[in-house]
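From first to last, the protein sequence lines are chains A and B.
The first sequence begins at 6 in the working numbering and counts up by one.
The second sequence begins at 24 in the working numbering and counts up by one.
One or more of the hints may lead you astray.
Using 16 Å as the maximum straight-line C-alpha spacing, the simulated EDC-like pairs for lysine to aspartate or glutamate come out as follows [claimed, not checked]:
1) Lys125(B) / Glu198(B)
2) Lys568(A) / Asp366(A)
3) Lys521(A) / Glu442(A)
4) Lys45(B) / Glu550(A)
5) Lys94(B) / Asp148(B)
6) Lys38(B) / Glu577(A)
Covered stretches of chain A (chain B as the covering partner; in silico rule of three or more C-beta atoms under 8 Å from a C-beta of chain B) [to be verified]:
7) 130-143
8) 196-207
9) 227-238
10) 284-290
11) 549-557
These are calculated hints, taken from the structure and not from any lab test.
Virtual Cβ for every residue (Gly too), placed ideally from N, Cα, C.
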Amino acid sequence: MAYVPLADQEQELHHPHSWVTKYVWSQDHKVIAIQYAVTAIAVGVVALVLSLMMRMQLGFPETFNLIDPSEYYQAVTMHGMIMVVYLLTALFMGGFGNYLIPLMCGSRDMVFPFMNMLSYWVYLLSVLILMASFFVGEGPTGGGWTLYPPQTNLAGTPGHDSGIVLMLISLAVFIVAFTMGGLNYVVTTLQSRCRGLTMMRLPLSVWGIFVATCLALFAFPALLVAAIMMLFDTLLGTSFFMPAVIESGTPLDHNGGSPVLFQHLFWFFGHPEVYIVALPAFGLVSDVLSVHARKNIFGYRMMVWAIIAIGALSFIVWAHHMYVSGMHPYFGFFFATTTLIIAVPTALKVYNWVLTLYEGDIRLNAPMYFAIGFIFTFIHGGLTGLFLGNVIIDLPLSDTYFVVAHFHMVMGVSPVLVVFAAIYHWYPKITGRMFHEGMAKLHFWCTFLGTYAIYLPMHYLGFLGVPRRYYALGTTDFIPQSAQDLNTAITIAALFVGASQLLFFSNMLWSLRNGKKADPNPWGAASLEWQTAETPPIHGNWGAELPTVYRWAYDYSVPGAHKDFIPQNTPESIEPTMDEQHFDPDLDKSKADL
Amino acid sequence: MSLLKTLGDKSWERKGIIGGLKPVGAFDTAPEKVALVFFLVVASVVFSLFTVSYFIRMELPDWTPLADPAKLWLNTGLLAISSVLFQWARNISSSTSTRNIKTAFIGGGVFAILFIAGQLSAWQDLNNAGHYIASNPANSFFYLFTAVHAVHLLGGLWVWSKSSIKLLSGSEPKEVRLSIQLCTLYWHFLLIVWLVLFAVLSNT
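Next comes chain A alone, as it looks inside the complex:
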């Protein structure tokens, strides 16, 4: 019997027969990707609004009184958890992973379409459970996004009754959803590539998502274990993490648990989580930079190695989040060293992005604005990470706004800029329409400059020693009035950046109907997803035959080629020989017609 590639097995397609199976219970990876993305962005908007409420409180503490101290802590907690897990992880993996992996692999769909669909609906369930915590009992948990016991379980912490329970259940459900999706991404990448597409011919987007998925599959279990044990502590009265505590003069039933054990489990997940978000962003931005610089990505092989090295190293740095919890100095030394080592492959990637731009034929399209903006913010956030990776510098800075500024630059602003770059870049393929270029560029400048106006001064506040996690700073000797004024300015910038996201949403919605009809390959990209016969691609992606791949995904500005890019599915017989490099335009035309 003739071999039928897994990528091409017809019975796996489950063609939709009704509106419901096409748009609701869809098993098409592209529809599921959009469902993931819309849900993630919607819940991200909730987190954005929470952050603006916090900033209003910090910038104008005596003026608005929108939230009380308990609600402030609830907002901090929900903002952090939503942004990191329910927005960024879901968007990069469920959104971009779902859309791009089968297309970039030349496959018709994910390997397990039903499980892929289930993954989205279980993810939605986890989001709904989390959102439900706003409406029950005292509201959501206010124990901070790290959910440290015993604080989260004590009566003084808002949401200690139902809020923390719903948060933990929601996280467990999210992990189940992610595992179903993650197995799909990994198996599709390994088993369902089209003919000729070797692993080292994959675009870096796929590499980034693939390695990040492996990280997530191995790191989320730590969060699951922590969540289950903490649920036992909360609901069944066990003492895995809960120590002996006297609450309002009354001893609680718990005894002897180890809060530090929870911290280890949490950060064993928590640090790889940084790279679960960062690695897909690295991959996507590499492709955007290469396409719009009309140049192959510099050091492709090193970029792949760096992604793998960063992924592996991310599992042995977790305790740098716990320096202030206290540890043996040798452990501190070990984790500081591994933290600094991880900067090496990361820096390598930054150099390669910059060298990709060097002498490129740069097209300053809107996606490129965001991609270049990412390089700035990532260098900025990465360098402050080197400060905090050292124990002796981390200790005084750990509880200040310096840390807030650092992690927002490196894993807030930077990945979000890549999200925007990627959405603008692939929007024509996803929707078949072009977006409004001017509005997109205005969106970039508002976001890029606005976020700098927020986070640069925040580093200074940190150096002053202004503590984070405070509802109001009040009057103290070490916080001058200028710091209060700076807080006001930061809030104004935050409100400006928040409002400017309306440019993005209105552009996306307006362009859906009114945007110019997009060419199948408007940027002249070489990777497979741009070579589909239909734009947007139809269900099954490739028509009668799967593509065959003859080259890597970065053949840009090849000397002597007819165009400044050669698609991956172009046979080498159509390439010019070295002798033909000073080519004849007529000959050139006839070859192009081939």
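Please arrange chain B on chain A, whose structure you already have, making use of the hints.
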């Protein structure tokens, strides 16, 4: 192609078709099996982290070891028989004669159900003896380990029940061959996990 050779490929130099229709570097097995192996690694991480937590927690002064019920030996035997029956079903599914395949496959699941019932009975005995879940961290871990293990087994039983229904409703054994192979692998894994957990619980 070895991993190092794969990662050392200078893909910018090599043009043309590499490999046949099967993707270069893909595992030569069903995708379901690849997914299951990845899932087993994920589950191994879960059980490993529970076990590490157990060892860290037992160092703290309030730890009182729990005398595990003798019933657990019987339960272990039930799970081992379950695993053996699945292996038998797997062997039959690969051979030309498919006699006894229903007995072996369905029997494997039934013994797994008996194992879970046995674990519940062990819980009941502990409860009756006053060893409640929150009395001591050793107790808490006993209930936690057995519960998480049973939940994994229940997941397997869901797949087993679907295939059993197919077999009983007259499907050809070759139609459920893959399912039988995957169930067997999963059952062996859960038997090994249980043996490790049992050893940890019994010896500390």
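Taking the hints in turn, this is what the structure says about them:
no.	hint	verdict
1	Lys125(B) / Glu198(B)	holds (13 Å)
2	Lys568(A) / Asp366(A)	holds (13 Å)
3	Lys521(A) / Glu442(A)	holds (11 Å)
4	Lys45(B) / Glu550(A)	holds (15 Å)
5	Lys94(B) / Asp148(B)	holds (9 Å)
6	Lys38(B) / Glu577(A)	holds (6 Å)
7	130-143	violated (count 0)
8	196-207	holds (count 11)
9	227-238	holds (count 6)
10	284-290	violated (count 0)
11	549-557	holds (count 5)
Taken one by one, the earlier hints fail for this structure at numbers 7, 10, listed in ascending order.
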